[in-house]
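Whenever a hint applies, use it, and build me the whole structure from the sequences.
There are 2 protein chains.
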Amino acid sequence: MLSFDFNTLRAAYAAGGLTPTALVEEILRRTAEDPNKVWIHRLPEAALRKYAASLEGKDPASLPLYGIPFAIKDNIDLAGVPTTAACPAYAFTPDTSAFVVQKLIEAGAIPVGKTNLDQFATGLNGTRSPYGACRNAFDPAYVSGGSSSGSAVAVAKGYASFSLGTDTAGSGRVPAAFNNLVGHKPSCGWLSTTGVVPACRSLDAVSIFALTAADAEAVLAVAASFDAADPYARAVEGYGFDFGRAPSFKFGVPRAAELQFFGDTESERIFRDAVARLEALGGEAVEIDLSPFLATAKLLYEGPWVAERYQAIREFFDATPEALFPVTREITASGLRFSAADTFAYLYKLKAAKRECDAVWASVDCIVTPTAPTIYTIAQMEADPIKLNSNLGYYTNFMNLLDYAATAVPGGFRKDGQPLGVTIFAPAAQDAPLLHLAAKLHGALPQATLGATGVPLAVSPAPARCVPCTTFGSPSGTFAALPSGQVRVAVCG
Amino acid sequence: MLSFDFNTLRAAYAAGGLTPTALVEEILRRTAEDPNKVWIHRLPEAALRKYAASLEGKDPASLPLYGIPFAIKDNIDLAGVPTTAACPAYAFTPDTSAFVVQKLIEAGAIPVGKTNLDQFATGLNGTRSPYGACRNAFDPAYVSGGSSSGSAVAVAKGYASFSLGTDTAGSGRVPAAFNNLVGHKPSCGWLSTTGVVPACRSLDAVSIFALTAADAEAVLAVAASFDAADPYARAVEGYGFDFGRAPSFKFGVPRAAELQFFGDTESERIFRDAVARLEALGGEAVEIDLSPFLATAKLLYEGPWVAERYQAIREFFDATPEALFPVTREITASGLRFSAADTFAYLYKLKAAKRECDAVWASVDCIVTPTAPTIYTIAQMEADPIKLNSNLGYYTNFMNLLDYAATAVPGGFRKDGQPLGVTIFAPAAQDAPLLHLAAKLHGALPQATLGATGVPLAVSPAPARCVPCTTFGSPSGTFAALPSGQVRVAVCG
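Chains as they are written, first to last, in the working numbering: chain A, 1 to 493; chain B, 1 to 493.
Note that these hints are calculated values from the structure, not bench results.
Only a predicted model underlies this, so the values are computations on that prediction, with no experimental measurement involved.
Careful, some of the hints might be misleading.
Because identical chains share one entry, a pair is satisfied inside a single copy or across any pair of copies.
Unchecked claim - Computed cross-link-like contacts, SDA-like style, restricted to lysine to any residue with a CA-CA straight-line distance of at most 20 Å:
#1 Lys351 to Leu203
#2 Lys349 to Arg29
#3 Lys349 to Asp230
#4 Lys351 to Ser202
Shown next as structure tokens:
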């Protein structure tokens, strides 16, 4: 099977052995069936062929994502295709694509379809969809992770080279872990949310699933384009110390008291192995106290941010609450109990929590945690949908509240064949160092494979070089290290 | 009468003609009566003498604020003295001083007393106090401006060299205009709010009243000290282009359609004169559209931020609402009508508004507006307390929401002898350029005088040089211009 990783596709295009139209035919073959419930809308054959045709005759080297197929979480607009957010009654058909989707298409990427999700991106497990529980790419008895469930499985199954998800509390990372993918949760605001159905608009990030960290970085280079129409957009800033390419660096490891695997000893082994690999890559492990981060995570679900989910669909919810998936309705309605005064009180708490958490950056360049403590079967999840979902967010819920960037990296497999992974994170704007380190960490994993395709990861001596540094980012056109001393870390709040 | 401006006091200390104890005796004489209702608590003679005694024998040059007397708005703690926030039932006596007060005392400044204010800093007029309406320093029939009413009048009357106010919506600027003072509203977070009774905690700034801009800058240099215990604290950042010391610069002037004087032609003349002085100082006037700023200002009072005022005193308010001044109670209770969802909806609106307003910084270095459209008598204000108060905030309400720094500068007098002024503002961190330009603008005012003292403003060729640049700010100890290209302006949100 042709691997859809960027290097393979690019080499095939460059050699003339592949055309976009031939790629589309291959995708049509691969996606004829959908046993995992990946899709809400697959693009019709004619539409796919049209995208391919628009690329034929162009120089593959002229477009950074020439002929690269991608999947789109169905809370992100693709012109002319319904956006459902996994709620059929909510569906609308946008005239224009989301800002970020348009950037990708302009760069040569080919949209394949709109993917299943936990309704309104509320969930971390992938079962909360009237389009059916999305099934894990390795074992359909297991959850896919969510809320960007279909986007992850689409890449893992080889239906697309990369995909867009959204990530408010872990929705771009947990499904990566459960499907052996890289999941990058960019710095908030780097990827426009214009044309994205909000979850918690003050916290939402569009995220990227890819087979490799280098592929994710190439997508980021195109997707991170400042959108003046998005009030939460932020221009790409330079990063500081590139701990991902340095011969030595310091990474935080939570002390044992705050590590939580819910009894999954295989998950713990996978995490310990990743720590050892980071050390072998030149990292110095520094024990850190994760409790302020965990306390911040609690704010997200105990506090008023859930009211943003209500605000995002307020009129729809007020008019037709019965149209929501039951668990989604229950969670969304829970936002109604908070007042404005409560909200400000929690915003103050968050400010204090961020101050406390940010102190860690004085001693480490990044932190590594498991991406999720463990994985559950769909049957387990459906039996206890709130608590087990909450368990999955143990290591992810605090990230956006604290304005950090994070990359989920494959960590290998449990004995039963289920993949899990680790997440490395750092303050906003450190996306490139995170992705560079993710590439090395993934490359150091013995017998690493790409998603669920079985294709071995090809370890390149300079994994991220496929995108020249000088073309990374926007609007300045450069994404470069800042001069020494110009990085704000400990008091960046 | 000995002028209390810093240069005069410093010269007197240096020459040996003045001692802190002699200064204290002079203050006791000046403050024996309080016809303007400036004070809530004057420091007892023994306490004042103790502060003075602690300075005797020290080298005046060893402390940046050696023997400089200051007044403190009574929502800011001074150890051992009650803090009332102008609500007797709310009073408590703190064991420690507010962080910023402590910094000033450590720098040699002498606290004189706690000043009257609009209760809980809710108001811009100075009449909303059970300790009596604070009276204008020039004509007691007129309002002092508020909420930092007593702090402004204390400096104008020569009771103190400078004072601390707080400024959430204009409380540090309107009283400056009405009492012929410089009022600096620093970049939010530069002055710690630890030990300050919050108004809207997410927006509050401790502010500085002074007789001259140079004096305000000298206070800022001491007061702007990063407080790790204040979650909203921000370290002092370098500024960009020093438009306040440059031979030419661009300043925005609102187009006529958005200028509002409520029929006060004298106020309009004072504003036009200030614009002409800025042009004479090398400024190029650029007409700007103030409507996005005015729309932002409306958010403050139409939106949920008033709920922060409730949250700040929630338990007290719930237990004893009758303890509040009637108009303050009414305003505070109005915060109860907003939900969490409403709050987030307004936070999104503010994000969009800031994006729109910030676009102006591509074309101007700073903007000048009247500080307040006009002034009212106490009788007028008491007859229509909500509407006329709201009128006073026409040019001030948007500032903290937009994260700008602002300096109110004396603009001369109406024919009836009432002073008014103008405000120059710029994005956060541009405090020094604003104060430098304020010094020049004040110096260019014909027959400029200091507060209500009648003392002529001494125009120094380098007004701000009394504080060496290299000792300005914290925590790095320097407050310097950034290298070219390092200033974030248009997308600083």
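Okay, the hints, checked on the actual structure:
Both within a single protomer and between protomers do Lys351 and Leu203 lie at most 20 Å apart by alpha-carbon distance, with minima of 14 Å and 13 Å respectively. Proximity of Lys349 to Arg29 under the C-alpha cut-off of 20 Å is found in neither arrangement, the shortest distances being 52 Å within a copy and 46 Å between copies. Taking CA atoms no more than 20 Å apart as the test, Lys349 paired with Asp230 passes between copies only; the shortest distance there is 11 Å, against 26 Å inside one copy. Taking the shortest alpha-carbon separations for Lys351 and Ser202, both the intra-copy value of 14 Å and the inter-copy value of 10 Å come in at or below 20 Å.
Hint compliance for this structure: hint 2 alone is broken.
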